[in-house]
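Keeping their order, the protein sequence lines are chains F and B. The opening position of the first sequence corresponds to residue 0 in numbering that gives the first Met the number 0, with each subsequent residue numbered one higher. The opening position of the second sequence corresponds to residue 0 in numbering that gives the first Met the number 0, with each subsequent residue numbered one higher.
FYI, nobody ran anything at the bench for these hints, they're computed from the structure. The structure presented is a predicted model; accordingly, all values stated were derived computationally and were not measured. Even glycine gets a Cβ: it sits at the ideal position worked out from N, Cα and C. Among the clues, some could well be false.
Claimed, not checked - Chain B regions said to be covered by chain F (calculated; three or more residues, Cβ under 8 angstroms):
| no. | region |
| --- | --- |
| 1 | 91 to 97 |
| 2 | 148 to 159 |
| 3 | 182 to 192 |
| 4 | 340 to 354 |
| 5 | 372 to 379 |
| 6 | 489 to 499 |
As the list claims (entries may be wrong) - Some chain B residues well away from chain F (every beta-carbon gap over 10 angstroms; in silico):
| no. | residue |
| --- | --- |
| 7 | LEU10 |
| 8 | ARG21 |
| 9 | LEU135 |
| 10 | TYR228 |
| 11 | LEU256 |
What the hints assert, rightly or not - If we take Cβ atoms under 8 angstroms as the criterion, some of the chain F residues that face chain B in the derived model are:
| no. | residue |
| --- | --- |
| 12 | LEU198 |
| 13 | GLY357 |
| 14 | HIS385 |
| 15 | VAL496 |
| 16 | ALA533 |
Protein chains: 2
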Amino acid sequence: MVWNTTNLDELPVYGKLMKLARNPFDLTASGAISPERIKAYKASAAGFDLLFATQRLDGAGLNGLQQLADQSGALDQFHGMKSGAVMNRIDGHESEERQVLHTACRDIFNETPCHVEAAGQAKEQLEKLKAFLAELDKGELVNEQGESYTDYVNIGIGGSDLGPRAVYHALSAYLLKSRRVHFISNVDPDDAAAVLKKLDLSRTLVGVVSKSGSTLETLTNEEIVRGAYVEAGLNPKKFFVAITGQSSPMDNPEKYLRSFYMYDYIGGRYSATSMVGAVMLGFGLGYDALIEILRGANDMDKAAEEKDIKKNPALLLALLGIWNHNFLGHGTVAVLPYSQALLRFPAHLQQCDMESNGKSVTRNGEKVSGVTGPIIWGEPGTNGQHAFYQLLHQGTTVVPAEFIGFRQSQYGEDLLLKGTTSQEKLVANLLAQSLALATGRKDDNPNRFFSGNRPSSVLLSDKLTPYTMGGLLALYEAKIVFQGFIWNINSFDQEGVQLGKVLANRFLEHFNILRQAGEKDREQHPESWLMLEAAGFFQED
Amino acid sequence: MVWNTTNLDELPVYGKLMKLARNPFDLTASGAISPERIKAYKASAAGFDLLFATQRLDGAGLNGLQQLADQSGALDQFHGMKSGAVMNRIDGHESEERQVLHTACRDIFNETPCHVEAAGQAKEQLEKLKAFLAELDKGELVNEQGESYTDYVNIGIGGSDLGPRAVYHALSAYLLKSRRVHFISNVDPDDAAAVLKKLDLSRTLVGVVSKSGSTLETLTNEEIVRGAYVEAGLNPKKFFVAITGQSSPMDNPEKYLRSFYMYDYIGGRYSATSMVGAVMLGFGLGYDALIEILRGANDMDKAAEEKDIKKNPALLLALLGIWNHNFLGHGTVAVLPYSQALLRFPAHLQQCDMESNGKSVTRNGEKVSGVTGPIIWGEPGTNGQHAFYQLLHQGTTVVPAEFIGFRQSQYGEDLLLKGTTSQEKLVANLLAQSLALATGRKDDNPNRFFSGNRPSSVLLSDKLTPYTMGGLLALYEAKIVFQGFIWNINSFDQEGVQLGKVLANRFLEHFNILRQAGEKDREQHPESWLMLEAAGFFQED
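All chains, full assembly: derive it from the sequences and hints.
The following block contains the structure:
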């Protein structure tokens with residue numbers, strides 16, 4: 000391996016940071032959040048500013064974090080990843096042994112991309128998609144009645160659902176006229192039923208997304224939806240599009256109108272800018288908006304190679320997260336977008352971050368000695384202020400917060416009320432929360448006392464557009480892989496989901512046996528059988 | 000005060016539980032999850048079964064928890080609360096000094112309710128609502144064109160949004176034909192714009208929900224929506240309904256078609272079964288379904304008075320939460336409903352639980368010595384399995400899980416694929432996850448090793464109906480107040496949200512000054528002014 004695989008606690012700077020953490024910067028001290036600090040504690044790139052004066056560190060801590068970045072070789076590894084290194088592996092043990100090239104999906108604006116072959120494949124798929132979308136726009140691809148397609152159902156789960164859905168929600172202000180997208184993901188049959196209920200299937204395309212072409216939930220939902228088409232007297236083949244690996248069982252022109260490819264060097268949770276997100280987003284927002292998403296992501300990918308943490312918000316956010324988690328001992332992170340459009344963004348991050356970094360084994364196959372990925376959660380503000388902020392301010396647990404905000408609204412439809420617009424009210428609340436968490440407030444009434452010293456960052460951009468949404472996606476993707484590099488873990492596999500699958504099959508066998516009535520395999524799997532009985536699914540004779 | 004206000008660590012059983020926690024039940028031992036254990040570790044009431052064989056305790060621990068319930072006087076306090084005791088207070092300090100009577104909203108089925116006056120007020124409001132809904136159904140209340148109302152917009156935030164919205168999502172399978180409800184909550188102007196875009200206002204009623212009649216976000220959104228009506232040539236007065244405190248500024252027949260009342264003895268986060276949820280749910284689901292919700296909640300409220308924890312799932316869930324948090328040291332709880340319809344239920348619980356119990360001061364006005372409310376988060380399964388379950392199984396942090404599932408689907412539209420239905424697949428996955436987290440799995444490949452001993456409970460019911468949804472709401476409400484009683488904190492105020500409001504006003508003043516151009520109040524509030532500058536809202540000369 001060409002990159003550093005030293006564990007965090009073996010890096011030279013580790014001891015220094017541990018020492019600093021014993022007495023972290025006091026945000027409640029008078030004048031602590033000084034004019035100089037507010038100006039200086041800011042990192043900017045690709046249309047985003049990261050304000051972090053409300054974090055618990057000063058110049059020494061910040062130097063320590065820069066050293067941590069340097070000593071861990073985080074940037075070399077990031078560049079290696081973009082260039083096609085086999086980062087998805089565990090040394091000395093059977094593992095996926097794959098490249099990690101989601102950045103190639105948007106590395107289409109330079110004459111010399113980091114990885115020529117992957118960028119070429121990305122361009123090829125984009126060309127295919129561009130042609131498909133043009134046929135729809137020009138009315139060349141229509142239904143049997145000659146009507147255009149107005150709706151699109153995305154069937155996928157995990158990365159084939161969460162990231163694309165978050166982006167779609169974020170950008171629904173930019174939807175093409177009379178285009179709508181719907182999502183079916185859960186194996187819960189009510190999920191599909193609720194979506195189908197409201198659609199005119201004769202004007203609806205369906206995108207089925209599965210890299211392997213064998214995801215249980217997705218195939219089940221595809222069957223349900225195909226059944227609905229047949230029942231409506233429609234031939235599913237004319238409506239269904241496959242987004243899958245080349246030559247997977249789903250790459251079959253007899254069953255699908257078109258196929259778009261994803262490649263095994265792109266993990267599901269990093270796939271929003273691949274065809275996984277692109278086909279659906281292209282349908283809803285148009286090809287040009289899609290390209291803007293990719294441009295924003297690519298610009299952030301480039302900024303993520305900056306050595307100076309003040310010019311690299313993704314790297315700095317990663318380092319601040321490690322400071323709060325490994326050194327100050329805070330086990331969760333609240334992601335708090337002050338934008339209703341980002342409602343589903345925390346759910347995407349839950350997958351992207353927790354599935355990547357919820358690991359206990361280093362890339363050398365040893366048990367990690369410290370903590371790795373934190374718990375990520377959050378809801379949009381100001382809603383959250385009327386919900387769980389009580390705990391953020393006065394609970395017994397300190398929760399580092401990552402605020403996200405925009406200077407302008409998407410629709411531009413706003414109202415001046417009591418001297419300020421709604422957008423100003425939104426931003427005022429965001430900044431106020433950050434400051435309140437940091438400074439706290441003394442009060443003689445113990446129930447009105449705020450301890451302060453609760454760290455947060457504020458990530459700001461002008462407006463939530465396709466371009467900045469692409470940047471935001473890429474910023475967090477880069478943050479996550481930087482943290483994985485520094486923890487020396489493999490952020491690209493997900494062995495932890497296997498055991499649940501094995502046991503689910505055991506329960507499914509029981510259901511199968513119950514259906515066929517009579518025989519029972521109690522001897523083989525007593526707990527699972529008895530759990531099913533205790534759960535009320537049958538009465539033991 | 001008539002109730003116990005002893006702190007948790009001063010109760011006689013505390014030491015015993017601490018001792019047991021040093022060596023908690025090992026779920027990974029061979030035969031640990033025995034047939035006897037699976038059968039015995041189950042608590043049932045009001046249509047729900049709580050299976051907890053996969054928690055880290057045995058008979059001694061369970062006895063300890065029963066003693067904890069008894070010694071803390073949790074049930075006496077619960078009964079006191081239902082009967083009108085002033086539970087919302089801090090001894091010796093200025094505090095809200097209110098009764099806590101959300102249970103009265105559904106205490107309408109007995110001749111002798113726990114609190115006669117509050118139950119009487121609940122009945123009175125329900126009668127008023129019944130008459131209003133009947134006018135809509137019979138076509139007596141129609142628009143100027145004589146058309147019926149098809150849509151309803153709920154404007155509210157916090158408890159006036161999260162709980163009602165979660166219930167509406169959960170029960171949308173039971174929507175009346177051609178009735179739809181929409182929600183506007185965020186001060187983000189894009190939230191209102193996105194909703195208004197898709198509505199025919201001439202057939203849309205608007206419910207504005209604010210107990211005080213002065214919630215900033217709600218009034219702002221109301222103004223925006225009123226403006227849209229005026230612009231469409233419609234008189235808002237004929238479309239707007241107020242849900243507010245009697246004689247609040249919003250209780251004004253000149254501005255609203257009708258008023259429905261909420262009372263100061265009902266906290267926002269406990270208000271889903273009051274008029275706050277009832278008007279919207281009655282519109283969407285009909286009056287009879289609304290009454291079923293109340294019946295389910297009332298039945299659970301009654302079960303929550305059971306002394307035996309095996310007959311009181313709400314109390315048991317509270318105790319297991321304290322066992323995991325205070326004794327085993329796990330700081331978060333994942334709520335994982337295996338039902339897409341419960342998509343928004345975790346967000347409701349985040350408010351209800353974290354705003355109630357994210358406190359650091361006891362009811363005696365002292366700093367609490369241990370931890371109080373945990374961080375609550377979650378997403379529906381099986382989606383979560385393809386997202387953050389990696390961390391649940393193999394992360395460095397143990398996250399106790401509360402699974403929620405149903406034996407039947409809502410729509411009954413299901414498909415037999417590979418020998419099982421989708422609903423069976425859903426339940427098989429739920430039970431499998433619970434078992435996998437508990438037992439873990441040995442493996443020579445360290446990356447495929449599962450440590451196990453990760454605790455969970457499984458809450459099951461037959462089907463998600465209005466009745467069981469009411470029960471589920473009430474079960475968690477009771478769980479939360481039981482925990483507050485045992486921690487000896489006031490679960491009914493929210494002083495922690497005040498500081499943010501004060502500081503937000505400071506930022507709003509700055510925006511106001513910027514608008515009027517020229518003067519700046521830098522001297523007064525340097526940090527907030529400079530934060531606004533650093534955030535890019537203006538350039539300092």
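Checked hints:
no.	hint	in the structure
1	91 to 97	holds (count 3)
2	148 to 159	holds (count 3)
3	182 to 192	holds (count 9)
4	340 to 354	holds (count 6)
5	372 to 379	holds (count 7)
6	489 to 499	holds (count 9)
7	LEU10	holds (18 angstroms)
8	ARG21	holds (21 angstroms)
9	LEU135	holds (22 angstroms)
10	TYR228	holds (14 angstroms)
11	LEU256	holds (23 angstroms)
12	LEU198	violated (14 angstroms)
13	GLY357	holds (2 angstroms)
14	HIS385	holds (3 angstroms)
15	VAL496	holds (6 angstroms)
16	ALA533	holds (5 angstroms)
In summary, the one numbered hint that this structure violates is 12.
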